[in-house]
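J.: Two chains, two separate frames, one set of hints: put the complex together.
Each protein sequence line maps, in turn, to chains A and B.
Under this note's numbering, think of the first position of the first sequence as 1, with each following residue one higher.
Under this note's numbering, think of the first position of the second sequence as 245, with each following residue one higher.
Rather than coming from a laboratory, the hints here were simulated on the basis of the structure.
Note that the structure is a prediction, hence the values are computed from the model and not measured.
Any given hint could turn out to be false.
Said to hold, decoys possible - Here are the simulated DSBU-like cross-link-like pairs (lysine-lysine), alpha carbons at most 30 angstroms apart as the crow flies:
1. B/Lys444 / A/Lys120
2. A/Lys151 / B/Lys348
3. B/Lys338 / A/Lys102
4. A/Lys221 / B/Lys273
5. B/Lys348 / B/Lys371
6. B/Lys359 / A/Lys221
7. B/Lys359 / B/Lys273
8. A/Lys120 / A/Lys151
9. B/Lys444 / A/Lys102
10. B/Lys338 / A/Lys151
11. A/Lys151 / B/Lys344
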Amino acid sequence: MLKPNLSEEITSGLDLQKGNRRSFLKFTGASIATTGILFSGCQEIIDILPKQPIIPSPSQDVNLGAGDTGILNYAYVLEQLEAAFYMMAVANPYSGMSQTEKVLLEDLRNHEVVHRDFLKAALGTNAIINLTFNFSSVNFSNRASVLSTAKTFEDLGVAAYNGAGQLFESADLLLIAGKIVSVEGRHAAAIRSIFDTDPTSFAGDDVIDENGLDRAFTPAKVLEAAAPFIKNKIIATQLPTPQS
Amino acid sequence: MKIFEVLKKYDIKPEELNTFTTRREAFRKLTSFGKSVAFAAIPAGVLAASTQTASAAHIPTVLEVLNFALTLEYLEGEYYTTGINTPGLIPAGKDLAIFKTIEKHEVDHVAFLKKAIESYGGTPVSKPTFDFGAGGLLNPFIDYQQFLILAQAFEDTGVRAYKGQAGRLIEEDDVLTAALQIHSVEARHASEVRRLRGLKGWITQAERGAGLPAQTQGVYNGEDNLMQGGVNVTTVTSIGADGITESFDEPLTMQEVLTIAGLFIVS
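With the rest of the complex left out, here is chain B (with noise of 0.2 angstroms):
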């Protein structure tokens, strides 16, 4: 698959490893968090030592991670943004201002992401060529409760996504960070999406929801899991399944998920 191949293309020279702790303080000025959580009462010696000694082997897994969210948020990104520019598509009012406001997240997370994959020295990967209709399953352009559809399947994706990433991003706390702070604002939009079509804000069991293809189930599988860290959670609480279920959103592989997004990628 074409995707695949694109995310090869985060090289990274090994001389620009050196300055680690320069892409690591550029990556910094792009949040917020370089103003907040850096001031902790940290003594300046202990500080640059840390820093100093950082390894930075892990990085081209990190940009492999961004490369690979920015892929979906171009997705979901021209998906809201040819939404809301097709006239009569969406219902004016309410649905059109909640529409505005995810495409803006989405938009803002793409150049975000390009900021920080060049941060650490990467290349952003370009953005694919894209089939929302699937080939011709869906027409979400022209039929709104399809467009409702597609949107609710990518948020859900999304935030399974970005959960599938996060053990990998652990080595490098502010990227971490970031990727978490990404991930609550896709569940806050999935939540909306799913509430807008009459289903309740959560996934329950692995449903995919009234009106959903079959296609899409890919997008549920494994979301009625009932193990957590070893426990089995019916056990320890005195609600039902359903309500555990709904408790634990689950991720998905980088693979599962290129699968998914895969049916809306031409090149």
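Next up, chain A with everything else stripped away, as it sits in the complex (with noise of 0.2 angstroms):
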């Protein structure tokens, strides 16, 4: 079961006689493979996330882990995603970007932020690490490239807060996530409001289907429309799945 990435991680880690990393082992005093550790109110033994890199390297492969751990990492994982698109867009403000949307890039880089940071803390010690990203395919000086993207990443998390809230365990986390997904799909209709031409883009055909329901993702096909712009390679093996 022990990634190739995370050996050489480990092994990187007792080569160099890192305090934490040694003492942690020392700790553990096993097989790092078989071996768990308790996370903090919840009283469940979860499969070790990775901590923070040993060796700086640009790709490093990310474990979101298991459980509510695991749900919130992936959470994470799309508000550092929309988090560095939108700081990138208002360093990098396209020509002709008018006031009105310059307020409300600004505004989406700021919850965004919120959101990322939020997570990070409520995830203390089983945060995954920040990520590195590639926008290569997007143009910030070209108003289409941005607000398409962004309409993109807007969607996106709605499904993926929708699909993600039947795999909480915990009702406090599952209303936190509620808190989020709502404010995602006020962007979302913000942004298809001032990029498309159809009045009726905002709650399009597109994403809401007959029943008048948004759409809900599972984190599979999540991840695997965001893994274009993110460098690490995410692994989600351990979250939970939805139950029938």
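T.: Right, dumping it as structure tokens:
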């Protein structure tokens, strides 16, 4: 079960004799692959999550972990992605950006940064590392490129949280996800409203079905859609799966 | 209040709980995730076993939440149906296209929730009689600005109402997912209506926004919360308090929502 990258990281840690890592290994006193740690507050054994990188690497593999921690880390991936994107968009304004659009993009940046920072704090030592992103497919000097990417990310965020809700064990965490997803829905409508010419696009037929329901995606589907923008390989194999 | 009595009508007979698995399957057929999510790589035997051991004890709660949601969707549906059918109220073009879209979704939600309630063996509550003038306070079908004001209040309330019930659906995954899928549609509507009124699509602090009467402040109380999951968010981010409050929408309890909706319910 030990992933090659994790093995490499741990071996390197031993070689470097880093205090934290060594004492952690001493504490576990056994093969790391079969060891779990107690997740405070959950009384739950979870598999080891990657800690802070010991060898800095721009494309380190990232394991989200299991249970509610895994779902929160999954959300943290998406919020890191959105925050990084809007920081770029605000720092490199496309030509002809209206004042309305500037304020909108700054607001979205602020909100995604808040979501990102909050999730990192909530996850504590279980938080995944800071990811590195690949926005080479986005032309930040082009309005349509920036806004269509924003639209993709916001709609994807909505579908991601909608699909992840049922994976939570904790009702408290479900509520927090609910507090975030409606803000993503507000964003999606606003971006669609300023970008698309169809006045019904804010809740268009491409995202709302015949029952009046928005989309709900599995983590696998969301991470596949997000993968081209993320340099790290995201390992989501321990995430809970939808029950039937 | 009448509405509390109405919500008691979702009786379910004990013998019907035995057909719980069938109920759940019936609900699945209403939605698309029966086709998409259900085919995750779970061995058939595991699937059958987990379904058989499922408890139906939470179903009365699920039905209460669904009937509560149905009541709100009745309110929104009738409001927009009346609005788009009132000649000269909503400006033709962009505004009318927007409200026709919102109306369609609310009517779809009513139909979906009725089917959902029936699939679980419950009885959908009947539609209350509404007074959107709130006893003479408003004239939403004469004055378009008032129509917009009330639409904003209804949509922002709807978002908070679904959010407040999500935790009560946690034992019934498919219903929870469907409720979240309605919840984000309400959020899209709220954003659009707010922006039509010249506001931001999101709620800053606990501000109801220009034009809304003080009687609607209950829709926004508590939106200025800065504590999330025991974390004082101001201590973990560089973004200021306004931005933090905009980043999280807060729930309302069923009672808080019914107090707001009760302003518009005659019987």
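J.: Which earlier hints can't be squared with this structure?
T.: none
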